[in-house]
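A.B. asks: Letter by letter, the chains look like this.
Number of protein chains: 2
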Amino acid sequence: MVVTMEEVAEKAGVSKTTVSRIINGIPNSASPDTIDRVRRTIEELDYVPNIIAASLKKLVTKTIGLIVGDIENPFFGAVIKGIETTLRNAGYNLILADSSYNMDREEELARVLLERMVDAIIFAPSRQKPGEWLQIASDRGVHVALIDNDIPELAVDHVGVDNFKASYEATQYLIDLGHQKLAMITGPYYRSTSSNRKRGFLSALEDRSIAIDQAFLREGDYGIESGYEKTRELIGLDSPPTALFIANNFMTVGAMKAIYEEELKIPGDISILGFDDMYWYTITQPPLSAIAQPAYDIGRVAAEGVLRSIDSRGKASPKKIELKTKLLIRKSTAAPREK
Amino acid sequence: MVVTMEEVAEKAGVSKTTVSRIINGIPNSASPDTIDRVRRTIEELDYVPNIIAASLKKLVTKTIGLIVGDIENPFFGAVIKGIETTLRNAGYNLILADSSYNMDREEELARVLLERMVDAIIFAPSRQKPGEWLQIASDRGVHVALIDNDIPELAVDHVGVDNFKASYEATQYLIDLGHQKLAMITGPYYRSTSSNRKRGFLSALEDRSIAIDQAFLREGDYGIESGYEKTRELIGLDSPPTALFIANNFMTVGAMKAIYEEELKIPGDISILGFDDMYWYTITQPPLSAIAQPAYDIGRVAAEGVLRSIDSRGKASPKKIELKTKLLIRKSTAAPREK
DNA sequence: CTGAAAGCGCTAACAC
DNA sequence: GTGTTAGCGCTTTCAG
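So the protein sequences, as listed, match chains A and B. Residue 131 in the numbering used here sits at position 131 of the first sequence, and the numbers go up by one each step. Residue 233 in the numbering used here sits at position 233 of the second sequence, and the numbers go up by one each step.
The set of hints was computed from the structure by calculation and includes no laboratory data. A few of these clues could be false.
Note that identical chains are pooled: a pair holds if it fits in a single copy or bridges any two copies.
Under the rule of at most 20 Å between Cα atoms (straight-line distance), these lysine to any residue pairs were calculated in the SDA-like manner [unchecked claim]:
| id | residue 1 | residue 2 |
| --- | --- | --- |
| 1 | Lys-265 | Asn-89 |
| 2 | Lys-81 | Glu-108 |
| 3 | Lys-129 | Ser-29 |
| 4 | Lys-326 | Tyr-296 |
| 5 | Lys-11 | Pro-32 |
| 6 | Lys-319 | Phe-164 |
| 7 | Lys-57 | Gly-91 |
| 8 | Lys-62 | Val-2 |
| 9 | Lys-81 | Arg-105 |
These numbers come from a predicted model, not from an experiment.
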């Protein structure tokens, strides 16, 4: 740093203390005259306060760390936007870290954030297993909030959606349309979101007494390729499904690719329903039916929770919050063709 | 923070200095024995070094600030990924800030980043006009790199693509297909990218002696709605264009919406070519032709430049780097129908 | 209303 | 090899 508070003080003919108080807007701590003089000096010198120094003294950085699995996933894009906006408006900064869905990385990042003295960590875990550093962080008074996937055994805030219910209702909708041969491409079961989405699907079938064909249940990895391959397998079956429920956005793209390649008609030959809504789902042919998650709000609510938790000095007990999903019915789902 | 270096030192029976040296891996500064003892103590105490304190002393934070216009834009998503990955591998952290394409906000954010003592700022400006704080940052030795839009009068690094050339070539391709009635929906001219894309389009027409119909040139704002409206205007013309070139991803979505609404055939009635490639352009009907920008690499190269610049203590002169675009021809562009 | 002094937790000369 | 000392730039009692 070039110019320090000391220099401002000197030039204005006051002490550092006074300058500090004025900058921090402590009421009744300086005469209007002094305030004016100091303000002008700050202006003249282009003085920029050093928040790092202040942080060291106050033991508070007004910085929050965020660990996500993949910044490039549009779902996280919206979540991050919600977090960043909320935090920024409250005067906080965001340190963003991408774990590539790698657990070792997650651990390392949590540690790095601790070293940087973040006031809180918002974390989108890639699996349900709790990491060691997160617990350490929580133990030392660094507020922790989970988003998307939950880690039930960690007693910290969590913001997500009711994946079971969303999945259950979507499946029910498909059944009501008349489908009996329903397939699902799920995400990896080690994620709470994935396993809940699968459970919802299965549970709906069960409740409607539809036998579960194991060949119709495929575990993907949330990537485009995986959606493509699983779909090929599914439509290659002797008796293929008439409805396909896909657990995330990327796999849905892969699925569409496979379906177009085989020149199957949607929804004539097969109905398609995806988890995660994308802004471009309205311009595919046909427009895609999907379950929308309030991604921005997940971020916003998580950030608000963390802020509240900081304010209350961690005296608030952990909350598990589930936001509402919405089933968006467009044109990719319809009754199965009569045979 | 709970446990400090002092406590580690005490418990291990050495001085802070020794602990510090061991943590920083200064060679030949402690006996293997001491190192071992200290390491074990650190482990036992779950000691986490306080980088904020170190930063204050060293006047280097190993943190870089990034200001983008909209985190949710998938283009920036990829750019951010490139930056984050590169920085992380070099041991740097990223403070992410979203300006909502607002210039006042940009200024404010630059200042906030300065206060936080970032070692460098990577900035995706929303207009060509240079801000005051960025100059101040640069003057104080904070390295500055621009991405996407350039601000020519600022003597700092810039990484982007040759928008003029990309646009020129794409237009040329459309003309070679036989189109004579070409329209373009541009972005706001106050961005260097937008105006260069427009210039490329116009220049290609000129070079092929195709008269420029002003009604065929529409200035959008890079949003979905804007793409939709401008396209409606265009296809509502008495003599509508046979080819439409759209300056970004979001407006392309809007354009598609308008075209489907009017039940026009692509590319039969109108050819569509967009700037920015998206991973889902292969599953629209027809798959969309587009100009791909190496978004991840733009981020990576910008981050590498900033890192290099930090290493060389700013003795490197500013570089303006243009990465290669690629014209991806899929199915939304074809020769105009004979009339 | 204002200032002096004592650190926040760490690093970096400078000694020994 | 290791320790002592003096800060980095700011905030915060405590005095007046």
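A.B. asks: Determine for every hint whether it applies to the structure shown.
C.D. replies: Evaluation of the provided hints:
With identical chains, the CA atoms of Lys-265 and Asn-89 are never at most 20 Å apart, being 48 Å at best within one copy and 46 Å at best between copies. In this assembly of identical chains, the alpha carbons of Lys-81 and Glu-108 lie at most 20 Å apart only when taken from different copies (18 Å versus 24 Å within one copy). For the homomeric pair Lys-129 and Ser-29, neither the shortest alpha-carbon distance inside one copy (51 Å) nor that between copies (40 Å) is at most 20 Å. In this homomeric assembly, Lys-326 and Tyr-296 come within 20 Å of each other (Cα to Cα) only inside a single copy, at 14 Å, whereas the closest approach across copies is 32 Å.
When the C-alpha separation of Lys-11 and Pro-32 is checked against a cutoff of 20 Å, the pair qualifies only within one copy, where the shortest distance is 17 Å, while the shortest distance between copies is 51 Å. Proximity of Lys-319 and Phe-164 under a CA criterion of 20 Å is satisfied intra-copy only: 19 Å inside one chain copy versus 52 Å between copies. Proximity of Lys-57 to Gly-91 under the C-alpha cut-off of 20 Å is restricted to the intra-copy arrangement: shortest distance 18 Å within a copy versus 25 Å between copies. For the identical chains of this complex, Lys-62 and Val-2 are inter-copy neighbours only, at 18 Å across copies versus 23 Å inside a copy, given an alpha-carbon limit of 20 Å.
Within a single copy, Lys-81 and Arg-105 get their C-alpha atoms only as close as 23 Å, which misses the 20 Å cut-off; across copies the closest is 15 Å, which meets it.
Violated hints for the displayed structure, listed by number in ascending order: 1 and 3.
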